[in-house]
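Asks: Each chain is listed here by its residues.
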Amino acid sequence: MSSKNIAKEIRREIVKMTAAAKSGHPGGSLSLAEIMEVLYFEEMKIDPAQPDWPERDRFVLSKGHATPVLYSTLALRGFFPKEELKNFRQIDSILQGHPDMKGIPGVDFSTGSLGQGLSGAVGMALAARLDKNNSRVYAVIGDGECQEGQIWEAAMAAAHYKLANLTVILDYNNLQICGKVDEVMDIGPIAEKWQAFGWRVIETDGHDLDTIRQAIKMAQAEESCPTIIIAHTIKGKGVSFMENDPDWHGRAPNQEQLALALAELEKGE
Amino acid sequence: MSKMIATRNAYKDALVALGEKNENVVVLDADLAKSTMTYDFSQSFPQRFFSIGIAEANMTGIAAGLAAAGKIPFASTFAIFATGRAYEQIRNSIAYPNLNVKIAATHAGITVGEDGASHQSVEDIGLMRGIPNMSVICPADGPETVAAVMAAAEHQGPVYLRMGRAAVPVITEEEQKLEWGKAKLLRQGQDVSILTTGMMTALALQAAEILAAEGIEAEVLHLPFIKPLDEEAVLATAAKTKRVVTAEEHSIINGLGSAVAEVLSEKLPTPLRRVGIKDTFGESGKPADLLIKYGLTPEEIVKKAKELI
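Sequence lines, in order, name chains A and B. The numbers in numbering that gives the first Met the number 0 rise by one with no breaks, and the one at position 137 of the first sequence is 136. The numbers in numbering that gives the first Met the number 0 rise by one with no breaks, and the one at position 31 of the second sequence is 30.
Please keep in mind that the hints were generated in silico from the structure rather than gathered at the bench. No residue lacks a Cβ here, since even glycine has one placed at the ideal position from N, Cα and C. Errors might be hidden in some of the hints.
[To be verified] The list that follows gives simulated cross-link-like pairs (lysine-lysine, DSS-like), each with its CA atoms no further than 30 Å apart:
{"no.": "1", "chain 1": "B", "residue 1": "Lys11", "chain 2": "A", "residue 2": "Lys161"}
{"no.": "2", "chain 1": "A", "residue 1": "Lys101", "chain 2": "B", "residue 2": "Lys181"}
{"no.": "3", "chain 1": "A", "residue 1": "Lys131", "chain 2": "B", "residue 2": "Lys11"}
{"no.": "4", "chain 1": "A", "residue 1": "Lys101", "chain 2": "B", "residue 2": "Lys20"}
{"no.": "5", "chain 1": "A", "residue 1": "Lys161", "chain 2": "B", "residue 2": "Lys33"}
{"no.": "6", "chain 1": "A", "residue 1": "Lys131", "chain 2": "B", "residue 2": "Lys20"}
{"no.": "7", "chain 1": "B", "residue 1": "Lys277", "chain 2": "B", "residue 2": "Lys241"}
{"no.": "8", "chain 1": "A", "residue 1": "Lys161", "chain 2": "B", "residue 2": "Lys20"}
{"no.": "9", "chain 1": "B", "residue 1": "Lys226", "chain 2": "A", "residue 2": "Lys101"}
[Claimed, not checked] One side only, chain B facing chain A, incomplete, derived with CB under 10 Å:
{"no.": "10", "residue": "Ala56"}
{"no.": "11", "residue": "Asn57"}
{"no.": "12", "residue": "Thr59"}
{"no.": "13", "residue": "Ala68"}
{"no.": "14", "residue": "Gly83"}
{"no.": "15", "residue": "Glu87"}
{"no.": "16", "residue": "Tyr95"}
{"no.": "17", "residue": "Thr279"}
Take the sequences, apply the hints, and build the full model.
Replies: Dropping the structure here:
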């Protein structure tokens, strides 16, 4: 798979699996396709043949509802067969609505209740330091999720313990279920807040592979504190009728909409 | 008078001993290390002690992450905050993925005393035993607490360990190993069974003495494990005496009394009385005075036993 096609392939699987499940969260999954491509196909030290390898880099999807992008990425990376994706959210399937670390190869932490995943990532980063292994922890959080108090408890702890091995990517698409984030509950000024909590802050275009790559490399080189990459993204990216529409936060496309989405993704870059 | 020791004090020494034995053991505390007694561990193993500050939800999540990476975290704070403030973090981040975290809470029940109702956890057993994958241990005294810490560390999966602030008499063996999920028959009798847990077990033994003086032979079954509950032992004693009194420093709703009632009503309906906090909050006061005011006494156990005879 050439690099350009990976994010596109992830997006195809996102719309297909949510359509098949007739439920799920396509909007905040489509916004993460390039970020997941860079993490899972370039930067993370992982081995799909040994998902429990103790010295692997770990990933926490703190915005756990974006399982379509996580499961698509894991399947395309070879953690489990792509055919499994059609069972997403179905009874007796391993692919639970929200990430289940016990049942799904490659899922490092169970999430779904917003605000909790980042604390888990802090714990993993502390464990890596204790074990003196140089593995890194990556966590993706949502912008609406920054309304949860626990995010800031975890942010304080990560800076207190100078967890330079922890990188957070904020999927900043400025939409949540009930509308624009700044209208539901303004989280701004977000970069200044994280800075004030003691984090290195890098802002990037969340759909440009090169700048995502650069941001992650900068985070990896940072030795004194944790890094947050504020990734400016478009909710629903790649499917015109889903873009920037909060209604597509937790709604699945029907067959007609799926065909339209797939055709658009085919035509797009 | 037997030796008095607070279960949290026993926790202090057990934790250091465990830390020496097992380097995967790590400890987290939420600014209460000198009260929960994790302070000694923090001095013995500074690299493996994490001060999280006054942030119980975060402490619970960090403990989950440490466990996901192979550590055996003991997360300590007062029972009210450990189970109440961080309930959903325990449920979703620890219990659902069956992570190997030990929620080791001190200051449970009304014997917290002077701090009053805001700090007196009387619902925590109920909160914890309702969560799938969770085990709940409520030791009676110091030596049993040490054994419970070791058993919790050996057990693979989440454990809620409930300890108290106040000194309680030593009633179990100094050197012991806790058999997972097993009750302890502390006294044999054929007239009534007293099923008890935690610090109430010492009071149940006193109640049995009072009853014996009146010619009533009470059996005392101590249940350090609320979950998994030793159903076999519960059913055996109920079958033998046909009368059951439960006693716990916890609400009569959702605690030991409820767990025993669930088993008996399905498998061996038996007349039952529950001694515990009667669906009310506590208040400030000396622990001994509070126990009397809220009916957590040998006399109350005796009264309930006699109601059944």
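Asks: State the violated hints by number, sorted upward, taking the hints as numbered earlier in the document.
Replies: The structure breaks hints 14, 17; every other hint is satisfied.
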